[in-house]
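Trainee: Taking the hints into account, I'd like the entire structure generated from these sequences.
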Amino acid sequence: MVLKDDGVEFDTGGLGTVKLLWPGYAAKTGDKLLPAKIVEKGPDRAVLRFVREDLPEITVSLKENSSVCLEYGGGTAGTLHVRVIFPQRPGRGLGWKIPAQKTQFTPFPDVPQEKHHIWNGEAAGIEISDDHTRTVSVSWSPKSYCELQDNRKWNWPVNQLDIFRPVPGKGKNGNLEIRFQSRPPETAPRRTGPVCDRFGQSVKAEWPGKIKSDEELKADLAADRTYYDSFTPAPTDAFGGKLGETVPFESTGFFTLGKYGNHDIFVTPGGNPFFQLAVCTAAPCDDYTYVKRRETAYAELPPRLSPFDGAWMNSEVVSFYIANYIRKTGVPFNLAAWKSDIVHRLRQWGFNSQGAFRDTPELNRRLQFPYCPELPFKGVKFFIADIFDPFSPEIREAIDRNFATLKNNESNPVIIGYFSGNERKYSEVAARILSCDGKTAAKRELVRFLKERYGGDTQRFAAAWELPLRNFTELEDAHPELKTPAAWNDLNEFTGHFFEAYFKLIHDTFRKYDRNHLLLGARFLPAQTRVEAAVRAAGKYNDVFSINYYSYEIENHFLDRLHRLSGLPLLLSEWHFGSTEQGLAGAVRPVGNQQERALHYRHYVEQAAALPYVVGIQWFCLLDQALTGRWFQKYQGENMNTGFLNVADRPYKELAAAAAETNGRVYDIIAGRIEPFSRNAGTIRQTRTPKKTFIPRAVEGHKVDGVRSPWPGRPAERIGRNDIVHGDSATVSADFWLCYDQENLYCYAEVADLTPGKNPYPPPEFWRGDALELFFGPEEVEKEGQLRFNDRQLLLSAVRDNAFHWSSRREQPQVKSVVRSWPDRKGYSMEAAIPWKALGIIPETGTVFRFDFGLDDSDGNKPQQCQLMWSGTGRNNEDRTGWGIAVLVD
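When you read off a place in the sequence shown, starting at 1, and then add 21, the result is the number in our numbering.
The hints are simulated quantities; they were obtained by calculation from the structure and are not laboratory data. We treat Cβ as the ideally placed atom computed from N, Cα and C, and that holds for glycine. One or more of the hints may lead you astray.
The following label-pair restraints were derived from C-beta to C-beta distances [stated by the list, open to error]:
(1) N429 x F470: 31 to 41 Å
(2) S87 x E803: 51 to 61 Å
(3) F470 x F252: 56 to 66 Å
(4) R841 x E805: 31 to 41 Å
(5) E721 x H518: 48 to 58 Å
(6) E497 x K402: 13 to 23 Å
(7) Y249 x P229: 15 to 25 Å
(8) R70 x K460: 36 to 46 Å
(9) D32 x E487: 38 to 48 Å
(10) D911 x K460: 50 to 60 Å
(11) F653 x R70: 27 to 37 Å
(12) T752 x F470: 46 to 56 Å
(13) K25 x A145: 50 to 60 Å
(14) K164 x N882: 29 to 39 Å
Mentor: Okay, structure coming up:
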């Protein structure tokens with residue numbers, strides 16, 4: 022076992038790494054967890070503390086018998102959440118059992134299910150095992166309530182076990198001892214046979230075109246020539262640009278940006294328009310898999326001798342794809358010859374470039390196939406995730422050393438531009454800085470910033486933040502909690518200062534060594550765009566704003582806002598769709614089959630190309646991931662249907678045909694000569710001007726009883742099919758009314774729903790079932806974008822009275838609600854009283870605040886099959902741009 026900064030790791034030897042994460046604290050079920058932070062650390066002992074002083078200190082000790090002991094004192098009543106995470110191995114026979122309750126292992130699902138919950142109950146241990154390597158036992162004392170879940174819902178490929186322990190009262194102590202054990206391979210129960218056949222294909226699935234012999238692979242050589250020659254892509258210039266246009270562009274010798282009519286566009290070094298149609302990872306990578314200590318998972322591994330030695334990265338990692346390519350061609354694998362073959366195929370399908378990852382600079386230049394490398398950050402120390410401290414002199418020097426190497430490629434015309442990062446966690450920067458001490462340059466800069474902001478007045482600052490500080494120097498080693506709007510606003514301003522320095526440093530150092538190529542942005546995750554300071558700074562110091570946009574729909578409202586906020590053209594830099602027919606684990610955006618992959622490709626690309634500020638798309642990725650997981654994650658590797666080519670080098674022909682058709686239509690769509698393909702009938706609302714409603718005073722004698730009487734005589738607001746922001750439903754709709762008095766805002770809704778009262782979910786997840794959602798923004802009403810400190814989201818379950826949850830809020834002010842089912846069971850009525858104090862609003866005539874009303878619908882079999890919003894969008898919980906306006910009137 023190894024003590025890490027965020028927990029304890031246990032190497033199972035063949036089943037990956039099991040990790041005990043530091044506990045969190047919650048006052049009651051549904052509250053947001055407060056994290057414990059490490060304040061002391063030795064080789065086998067650590068001390069953890071919470072930001073709140075009334076919570077217990079936790080001492081963690083490693084014991085000789087592979088056990089971890091957590092000892093903690095008493096404090097405010099609540100619950101400690103102890104989390105243990107296990108690697109996932111879809112398609113590889115991973116199962117679990119509770120020893121005291123079961124004798125047989127229950128398989129984990131190979132693909133994500135609608136519900137992430139797997140099991141819950143009282144237990145003192147769990148066993149995890151697979152078909153071939155190890156059985157891992159985790160036991161604990163005393164016996165506790167536990168929950169087991171699949172975290173793929175959040176794109177985190179682990180199974181998580183939560184162990185819940187009550188915090189004892191003050192003056193008392195508690196403890197939890199957890200023991201880890203791993204059986205060696207020879208004692209692990211072998212239950213089924215190999216997972217992979219000798220070609221790296223699943224033995225558990227059959228599909229047309231599955232390879233059965235070497236002869237079939239060899240026959241593909243001639244078949245491939247006929248197949249790929251059947252495509253007739255439009256002619257291009259030497260760099261993939263469109264020929265035959267009269268639009269005048271300057272030939273600069275490098276990729277630039279321009280306008281194609283009213284549409285932003287890349288321009289090739291030869292001066293022709295270029296909408297990027299790219300595939301990421303256009304080189305072997307995720308097809309490699311880690312085989313050490315699980316050799317029995319494979320019917321037969323590729324030989325290690327020539328010519329198959331080229332399929333082995335090292336003695337532990339092999340690519341079945343490369344082994345099959347060798348069988349197919351009959352010669353040793355040669356990357357240059359393979360890349361030439363692949364570039365020809367991609368061009369035949371209408372692709373004009375390579376996206377992120379696995380650059381082959383010399384080969385791309387020789388083939389004149391444009392690509393997008395990442396900036397080098399070798400040896401740069403990141404103080405959170407992969408975000409560095411821009412105020413550190415040592416970091417600035419390290420970046421300068423790295424970027425100096427860019428001079429070697431300054432004259433390379435096939436480089437479109439550089440990415441400056443990938444999926445960085447900008448939203449965690451503020452909390453990380455607060456948790457640092459004065460040894461961190463960013464923390465010292467925060468103290469300097471606040472001191473200047475408050476004119477050196479410690480007393481005024483301490484009052485604004487509600488902190489017991491005597492001087493600003495003490496703040497360097499303090500870890501304050503954000504308890505006031507002033508503190509939230511101050512830190513928000515500082516994050517703007519941080520990201521300004523961060524992206525400026527990248528830009529200025531880059532331009533010091535390369536003045537010819539574009540900066541393509543940092544490949545944001547959509548959720549991270551809520552950090553507006555990061556988006557604005559990225560927009561100021563890049564040429565293009567890139568976003569890894571996995572989505573079934575092209576959400577105009579969301580992308581419009583990003584374009585306005587950044588001021589830049591957008592590049593959709595990572596996305597895909599996948600299915601499970603060949604035994605792989607679907608995709609980030611799973612679909613039912615290969616025909617659906619094809620339709621989704623066409624819809625995504627053509628709808629994106631129709632937006633005047635989108636300059637390109639990058640599909641992830643060329644090859645399917647290995648069935649037993651991509652190599653660098655060892656036993657926890659992703660194994661999804663990501664590719665245009667499968668493990669046998671056979672194309673997914675439905676997808677390829679769709680890509681070729683759509684790629685050939687892109688410039689006509691951009692020019693407005695044809696309409697973009699759509700796979701739906703336009704039921705998803707893309708944009709809308711925020712609505713406005715006037716809320717009257719309640720009439721005398723108002724009471725909350727689920728009956729709309731007495732009530733002011735104003736007409737209802739209505740939401741129906743035209744207000745769908747997620748899913749589809751021809752039947753669900755709602756009318757709602759609002760009124761108020763000095764104590765409460767009242768909401769009454771009549772909901773037409775053929776399957777009412779379906780909501781088995783816990784309070785934080787009421788949105789997954791039948792529920793109402795209310796959004797309130799009491800401050801900065803004119804501001805759009807990210808949520809403000811006092812913005813609130815309220816969830817109301819349609820199953821029972823007084824079932825509510827305030828999202829992302831520790832306190833849960835009481836809300837009274839009454840639900841009544843209609844006699845014909847075709848709908849329900851709900852009435853709720855929301856206290857003004859909970860909203861931070863003083864009710865006066867003329868008071869204005871942000872407001873929205875949402876309706877969630879489920880039939881009980883699948884979560885949130887449909888969501889409707891009165892004014893906003895499906896991103897209401899992270900972006901207030903679409904929220905409406907409410908005005909109190911007499």
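Trainee: State, for the Cβ atoms of D911 and K460, whether the hinted interval 50 to 60 Å holds or is violated.
Mentor: Because 59 Å falls inside the window, the suggested range holds.
Trainee: Do E497 and K402 keep their Cβ atoms within the hinted range of 13 to 23 Å?
Mentor: With Cβ atoms ~20 Å apart, the hint holds.
Trainee: Could you tell me whether the CB distance from F653 to R70 stays inside 27 to 37 Å?
Mentor: Since the Cβ atoms of F653 and R70 sit about 34 Å apart, the hinted range of 27 to 37 Å holds.
Trainee: So does Y249 sit 15 to 25 Å from P229, Cβ to Cβ?
Mentor: Holds, at about 20 Å.
Trainee: Taking the beta carbons of R70 and K460, is their distance inside 36 to 46 Å?
Mentor: Cβ of R70 to Cβ of K460: about 18 Å, so the range 36 to 46 Å is violated.
Trainee: Do the beta carbons of F470 and F252 sit within 56 to 66 Å of each other?
Mentor: 57 Å, holds
Trainee: CB of E721 to CB of H518, is that within 48 to 58 Å?
Mentor: 53 Å, holds
Trainee: Given the range 50 to 60 Å, decide if the beta-carbon distance of K25 to A145 lies inside it.
Mentor: 25 Å, violated
Trainee: Kindly confirm whether 51 to 61 Å is satisfied by the beta carbon distance between S87 and E803.
Mentor: Holds - the Cβ-Cβ distance for S87 and E803, about 59 Å, lies within 51 to 61 Å.
Trainee: Taking 31 to 41 Å as the hint, is the beta-carbon distance of N429 and F470 inside that range?
Mentor: 38 Å, holds
Trainee: Should the hint that R841 and E805 are 31 to 41 Å apart at their CB atoms be regarded as holding?
Mentor: Given a distance of about 37 Å, which is inside 31 to 41 Å, the answer is holds.
Trainee: Between D32 and E487, does the C-beta distance stay in 38 to 48 Å?
Mentor: Holds, at about 44 Å.
In the structure shown, a violation is registered for the earlier hints numbered 8 and 13, in ascending order.
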